[in-house]
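Given chain A's structure and the hints, the job is docking chain B onto it.
Next come the chains, spelled out residue by residue.
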Amino acid sequence: MGKKVTVLGEVRDGALRNVSFEGVAAARTIAEDGEVVAVLLGAEVKGLAEELIASGADRAVVVENEKLAEYTSDGFAQAFLAVIEQEQPDAIIAGHTALGKDLSPKIASKLGSGLISDAVKVEVEGGNVVFTRPIYSGKAFEKKIVTDGVIFATIRPNNIQPLGKDDARTGDVSELTVEIKDLRTIVREVAKKATQGVDLSEAKIIVAGGRGVKSEDGFKPLQELADLLGGAVGASRGACDAEYCDYSLQIGQTGKVVTPDLYIACGISGAIQHLAGMSNSKVIVAINKDPEANIFNVADYGIVGDLFEVVPMLVEEFKSLLVEA
Amino acid sequence: MNIFVLLKRTFDTEEKIAIANGAINEEGAEFIINPYDEYAVEEAIQIRDQHGGEVTVVTVGNEEAEKQLRTALAMGADKAVLINTEEDVEVSDQFTTAKILAEYLKDKEADIILAGNVAIDNGSGQVGPRVADLLDIPYVTTITNLEISGETVTVVRDVEGDSETIETQLPVLVTAQQGLNEPRYPSLPGIMKAKKKPLEELEIDDLDLDEDDVEAKTKVVEIFLPPSKEAGRVLEGELNEQVQELVSLLHKEAKVI
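Protein sequences appear in the order of chains A and B.
According to the working numbering, the residues represented by the first sequence are 1 to 325, in order.
According to the working numbering, the residues represented by the second sequence are 1001 to 1257, in order.
The following block holds chain A by itself, in its conformation from the complex:
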């Protein structure tokens, strides 16, 4: 029997994040022949609803309110709960992003539901919706089901394949008016310091540096390579502890767990804690002076050499490849 699934679309800098389309695909799997209802919350988001429908949602519900211009857990919870109250879904999907991680436990608590966080796969097996999620930062995995309340999960960016876009798809876009009140947290200021718009958790390509980059300046060639490939820069704990870069770039068991298509590890030795954060990347390249470095054990391709020689050469080589293409 088909299910009704609501999926929270997430907007950043006026555009839908990729994880929203991945969420629609996950919702489609769960819904089977049921209905996928996309939800958009914000000050001015209605214009993005069509894109979610083109990506596989059947219709969309939009809550627009000035008080939703900035994310707050109270504001977004009131709006999302109003939609859930109206739609009475069988399942709810959100992204395992800063927003989804912050909001979803509150919603689950309000609904008295279980919540499965950080799912990388969703399947329907014998009537159960089964989510696969990493534990111990990807050193192991578990399959999990919700046994009480609404089926509710957050999905990790970059793991579930979005459905193709079909601009001919149409669906109803309805608005719901929600009074947003009693906000107990107020966003005073937002300082953007993320690298050139590519978010580490959603990046398809990551160029990461370790102690081997030696200084803050040492990250410059890595940044150049990342920019050229449309990727993001990451770091090992060693590089962060040595203050070569900000902790927000840290990948590993403490820090972010990433699964890009391509991970280029530069001057990273490959401590077990770092490997936990990146070893599920699709393709791993290691560049390290030390041929014995642990990182070579998980790398698909390795170059033994000085990253300050290799990375600039890679930049030149990729440039000529991209010119040809």
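Hint data in this document are derived by calculation from the structure and do not stem from the laboratory.
Treat the hints with care, as some may be off.
As the list claims (entries may be wrong) - Below, a list of computed lysine to aspartate or glutamate pairs in the EDC-like style, where the Cα atoms sit at most 20 Å apart: (1) B:K1229 - A:E142; (2) A:K143 - B:E1215; (3) A:K110 - B:E1014; (4) A:K256 - B:E1160; (5) A:K282 - B:E1253; (6) A:K319 - B:D1210; (7) B:K1016 - A:E142; (8) B:K1229 - B:E1066; (9) A:K4 - A:E125; (10) A:K46 - A:D13; (11) B:K1255 - A:E317; (12) B:K1219 - A:E292; (13) A:K165 - A:E35; (14) B:K1255 - A:E324; (15) A:K256 - B:D1088; (16) A:K256 - B:E1182; (17) A:K193 - A:E142; (18) A:K67 - A:E44; (19) A:K282 - B:E1230; (20) A:K143 - B:E1222; (21) B:K1229 - A:E292; (22) A:K4 - A:E179; (23) B:K1252 - A:E142; (24) A:K67 - A:E189; (25) A:K193 - B:D1162; (26) A:K319 - B:E1253; (27) B:K1252 - A:E44; (28) B:K1252 - A:E324; (29) B:K1106 - B:E1230; (30) B:K1219 - A:D90; (31) A:K256 - B:E1014; (32) A:K282 - B:D1210; (33) A:K193 - B:E1160; (34) B:K1079 - B:D1107; (35) B:K1197 - B:E1066; (36) A:K319 - B:E1241.
As the list claims (entries may be wrong) - One-sided and incomplete, this derived list gives chain A residues near chain B with beta-carbon spacing under 7 Å: (37) K106; (38) Y136; (39) R169; (40) T170.
Fair warning: this is a prediction, and the values are worked out from it, not measured in the lab.
Idealized CB from N, CA, C, for every residue including glycine.
This is chain B only, laid out in the frame that chain A set:
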């Protein structure tokens, strides 16, 4: 200031993970305070030193967790509470833990509750926000700075690299992100003092809860290890040839560029 820290005992980050009888094998493993909870303990101590009051560290687990609680006491926390669920709770999830913690905290008149933003074992990050919701207090997750002035709390929150400055009021629950502070190591006098500090042990019965009240809302159906990654090719030849070969492999063989 009445300060509480939610703490979890976790596997040491150095540990390799093995599975025995369908569960994670804990035998012989080293355990630590969840690293993100260490930031919470440190911040709690700093708040107390600045504003006065008392730091109580609370965990839900079994008696093995006493060791991690003593470590927090040695760092400088004043009191510890172990809610021992070994006898009563067979299967638990984030709801279970949050419900137990909230029942414990509900009449404690906490001014501020600190926790790690995520535990490195189960990695869900749900317990903090769930506890705040059950106590009906505001929360801010993944914070990297915290200042309290009167009843006003100003925090900086890490949002995937951006930082948001957020203002809220006591009582509040916050979860720590890396960069919040530099957790101290317990000093030798600290370790000695910790042995005499109060460590209260409770069971869910003491909180007027029974097993049904905290029944998990999710269920693990399988645990498995990822396929081990085979070491790949280390390229050879002149460095510029290696670089050319690598780019070509990424383009033609791996097809990621």
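- Return the numbers of the hints above that this structure violates; sort them in rising order. 3, 6, 8, 12, 15, 17, 22, 23, 27, 29, 32, 39, 40
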